[in-house]
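Trainee: Okay, here's what each chain looks like letter by letter:
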Amino acid sequence: MSKTLFDKVWDSHVVRHVEDGPDVLLIDRHMVHEVTSPVAFLGIKNRGIGVLYPNKTFATADHNTPTINQHLPVEDPLSANQLAALERNAKEHGISHWGLGHEKNGIVHVVGPEYGITQPGATMVCGDSHTSTHGAFGAIAFGIGTSEVEMVLASQCIMQPKPKKMRINVEGELSLGVTPKDVALYIISKLTTSGGTGYFAEFSGEVFRQMTMEGRMTVCNMSIEMGARGGMIAPDEKTFEYIKGREHTPKGADWDRAMEYWKTLYTEEDAVFDKELTFYAKDIEPMITYGTNPGMGQGVSKAIPFSKDAAEAEATYKKSLEYMDFNEGESMIGKPIDFVFIGSCTNGRIEDFRAFTEIVKGRKKADNVTAWLVPGSHKVEAAIKEEGLLDILEEAGFVLREPGCSACLAMNDDKVPAGKYAVSTSNRNFEGRQGPGSRTLLASPLVAAAAAVTGKVTDPRELMQ
Amino acid sequence: MAYDKFEILKSTAYPLPIENVDTDQIIPARFLKATERKGFDENFFRDWRYNKDGSPNEDFILNDTRYAGSKILVGGKNFGSGSSREHAAWSVYDFGLRCVISSFFADIFRGNCLNVGVLPVQVSESFSDNIIKALQEDPTTEIEVNLFEQKVTLLSTGESENFEINGYKKANMLNGFDDIDYLTNIKEEIVEFEAASPLRS
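Chains S and L are the protein sequences, given in the same order. Residue numbering for the first sequence follows the numbering used here, beginning at 1 and increasing consecutively. Residue numbering for the second sequence follows the numbering used here, beginning at 1 and increasing consecutively.
Looking at chain S on its own, in the form it has when it is part of the complex (with noise of 0.2 angstroms):
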């Protein structure tokens, strides 16, 4: 029978299926952080067993951690002690660990693929739901609980049945001031947040074949929020490119070995999946969401649905709405907003600050709008000073911080206070996800740059020529 890319590289994987249950998966590359580790460590210590493959799993700090002054000491005490868990842990266990201050630090998703640990044709897991990201790579990649993680170091394995298979498609060219982050919210909207559940999803079509790198990671990403498990775009040279010459990627004769498995990467023709949609790129605006989930986004022109065309039933919708403080029927368009947040393992890559930047050039920072600038990593923050962008920032009021995942989740300082809105470049609005009683609406760079010189929801073609 046909595979498609996701039954190629999970059959390989499979080390032996479990009678009327799951199958045993090996993974390739295991990523840890500082929050949902710990037990899991602490899980193989009580067991008295060690970590079998020291070498497919890298630590990296970056979900409690400060984004100023991260060369003093982490003040909260709580924050400090799972870091120095993560240390403790990853130097006893023989693991590469890139904690604060370190060179390679940040976000767990960002630094994978900068240092070549993602690649096509992989299983990569980490306790994080957007361990999805390094889909984009043409890998199967996911989020874990603690004891996977823990089932992980313990035997570089997990259990889980094989998910059904969907593949999105989406076609045509987008148009101006039409992002990737776009597309993802464009296509959760359609789906809703559960639309994806007990998925995998193939991302195909013309816009992700003409989609950068990083687009493509953006939109990855983003799959979990449509209830997938995971998304993934099939390996092409624009991938190969990319990871060529990095950290761990193979070199020499090793590539060359690799290239010829990877150029077997792709779904064939008439391969079979169990869900198909298709979405075009005209339909698409630059978007923004005006609900407590993902699903709750529509294009940034167009008015607040009333319950009778919304996908949840009336009572959620309304208890929404009330937490957002906003009514049915109203436009989005010059709602003022408090806050910006550009960042996250979702849009804190370069191409991303590059876009916020394209949008700020010779603006000014609105007076009642307070922006969090955070890179997704120090490699991130290094291109934004060597290309020029952070002089072009600061002309115009803005304050880089430093790398982690900051206000996306708030489990550091960067928390928006109670019943303040903010334009924000990461992945979930849920209620308080950004700080108790926080606002969030979830938009690409450019309309959270938009909204960053204006001080309000503005679309932000009307600035783009």
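Some clues are possibly wrong.
Calculated cross-link-like contacts (lysine-lysine; reagent style DSS-like; alpha-carbon spacing at most 25 angstroms) [what the hints assert, rightly or not]:
no. : chain 1 : residue 1 : chain 2 : residue 2
1   : S       : Lys308    : L       : Lys77
2   : S       : Lys335    : S       : Lys415
3   : S       : Lys162    : L       : Lys170
4   : S       : Lys45     : L       : Lys77
Think of the hints as simulated: they come from the structure by calculation, not from any bench.
Let chain S serve as the given structure and place chain L on it in line with the hints.
Mentor: Showing chain L alone in chain S's frame:
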């Protein structure tokens, strides 16, 4: 982490008919800072359970004394979406719940529940609606979840439905086993398999 085995559970239940309950509600990120599995029950649904001043939110179902001590939570559609934090499943278990019933579960949360000893029971939307209605009308209504028979029964009316769980996970839950026991037992096979895959090293 070991958990108590699950066979037949008969209990009252908390009705929570909100859709898309995400794991940031089940346990907000700021409470994920432990390095041990301790104290998660206190922060279970923290921001819905407590008012801003720290006093209990009397309107929230988990604070409704008529349901106190229930071992089952009946949630709305798409329960447990969002983050992969297993802390969400730990907080369910540590709060004293052994079973969550919903017409639809998010994948990672469902898997995490099974790994920590909480049984996710997926039922039809109409049955879920009936259960919630019965619980709201009479908080003493009991539900029986029989894992041997894979059957959930609303005891007040006798209405019942079968639910799915694969044989492997079912045996684990019935015995209180976890996947690591299984995996460490086949370590040699894993090592052999890995060695035959040079490209993956």
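Trainee: Going through the numbered hints above, which ones does this structure break? Give me the numbers in ascending order.
Mentor: Violated hint: only 4; rest satisfied.
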